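Residues per chain are reported as follows:
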Amino acid sequence: MSEATSVETMRRIIRQALASMEEHADELGRLDAAAGDGDHGITMVRGMKAAVAVLDANAPDAGALLSRGALAFSDAAGGASGALYGMLFATAGRQLGAGPYATADVAAAMRAGCDVVMRLGKAQPGDKTLLDALEPFLVALDAAADRPLPVAWRTALPAAQAGTAATAGMVASCGRSATLGERSLGHRDPGAVSLTYLLEAVDKVIGEAESDR
Amino acid sequence: MTKLWNDPADFRAELIDGFVAAYGRYVRRIPDASGVMAVDGPRSGKVAVIIGGGSGHYPAFCGYVGPGLADAAVMGNVFAAPSSEQVYRCTQAVIGNAGALYCYGNYSGDVLNFDMAAMRCQMEGQDVRTVRVTDDVASAPPDQQEKRRGISGDFFVFKIAGASAARGDTLDEVERLTRHANARTRSFGVAFGGCTLPGQTEPLFTVEPGRMELGLGVHGEPGVSSSEMRTAAEIADLLLDTLLAERPDGGEARAALLLNGLGNTKYEELFVLYKDIDRRLAQEGVRIHRPVVDEQVTSLNMAGCSLSLLWLDDELEALLDAPCASAGYVQSAL
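For the record, the sequence lines run as chains U and X.
Residue numbering for the first sequence follows the numbering used here, starting at 1 and increasing by one per position.
Residue numbering for the second sequence follows the numbering used here, starting at 1 and increasing by one per position.
No wet-lab data here; the hints were simulated from the structure.
Being a predicted model, the structure only gives us computed values, none of them experimental.
Since no wrong hints were added, every one of them can be taken at face value.
DEER-style ranges, computed between Cβ atoms: (1) X/275 <-> U/119: 44 to 52 Å; (2) U/15 <-> X/323: 53 to 61 Å; (3) X/266 <-> U/208: 54 to 62 Å; (4) X/24 <-> U/155: 56 to 64 Å; (5) U/15 <-> X/237: 52 to 60 Å; (6) U/173 <-> X/4: 32 to 40 Å; (7) X/268 <-> U/27: 37 to 45 Å; (8) U/155 <-> X/227: 48 to 56 Å; (9) X/39 <-> U/155: 54 to 62 Å; (10) U/165 <-> X/24: 50 to 58 Å; (11) X/4 <-> U/119: 40 to 48 Å; (12) X/315 <-> U/27: 50 to 58 Å; (13) X/183 <-> U/15: 45 to 53 Å; (14) U/142 <-> X/18: 50 to 58 Å.
Ideal placement from N, C-alpha and C gives every residue a C-beta, glycine not left out.
Hey, can you work out the whole structure from these sequences and the hints?
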């Protein structure tokens, strides 16, 4: 993939991510209101709009564009989501840099971001957070590391979706919903749901680019 | 519901503009940042007390900026912690040579963003400390006070931090006293109805008629449990039974008290409730010092109230009595 192509692909991914958050904002808000303050959809849209707003600036490479978007997201979104998503994608973007963007490189960059999220958020898989979608996704992506990125990504998506579905059966032990303990049972974690939508947005863009060939 | 807004996306920016326009005698806008600072600051040699959190809790947090209270408040969107970038910028606007204390309610979003800003300041050689308010007894058991969230006890902890810094205490001493105040502050609340975010049509949660939620959160979170609605006198006992269970051992029993309305429960109702709180505390042998019955840490238009007690000793009482002036709370020297 040429540098110009990869930067343009990243632009399309970030725009697609905003569209996805706008489409699902109400659902994310309802999920959040079950045990939190109901603003997750609003927050994600606000953050993604800020990320899209910095896309026009000249970016040297796709990784730098992702990092820049992540920092804009973080500042505009605020809250735990802003901090954690911001660090996840800023770290991944820094590691991705100018590529290459083979499956193993992208998986390693996402893993680096995931490690930062775990350290900052002091959460582990099973705590009913976005990690319950991200961790199984990364395991599946690693397992498909020898396949082209669009194929590997699509292959790994069901793991994120299943991980998200499983959060309905978990009791929160981190974040604001932890206070409500058992009351969080029966509802999927809004962070796991939004992360899965973001992963699906990436799939939509890189999958289409693949089928255009 | 929240009725007055233009574009909900501009709600925070517009409320800051209006607040600064109205209360320019206490605060000014921090340039290029989502926050306000005291008009008389920064003062050389004084520890900067920086508070903050999401909007929707007025007078917390921007209403507590002024002499004898906080030097700056970082303001997030409604019920969302401010970003670390905004915390950092506000810190740079007010930090002097005596360092800064961050003081805020213990929520994961606030912890993440304030901690990231503190790390950045520390890497640049600035001394920044943190005390998180953890007064809400409903949110974790007594042996896990560090996990509890901050609700209306913010009021007392900020007051102690502000008074200590205002009289020229070192950062070590401001931190110690603020931690001490937090360790002796307990709150518990009940909710009768949820609140609605600007631009939304449905409240974040609803309370069935004839019922109430116990252990409310100040972000429109539902309570940790639900119960039948009771009379004011019964609610007074319920609040106090919970708080008195954590009464510290030994010494004379004196406590500062805040009976806090959440936004949609009005003063007259609070006074009806306070009558029985006052009577019960007298029976328990607790001397109430400087009671405040007011809206201090609100949750937009949420219905309900919370009761906060700060168990006093001599050093805390002296700081509590110190004068202060801000848009949200004035304590005269008289």
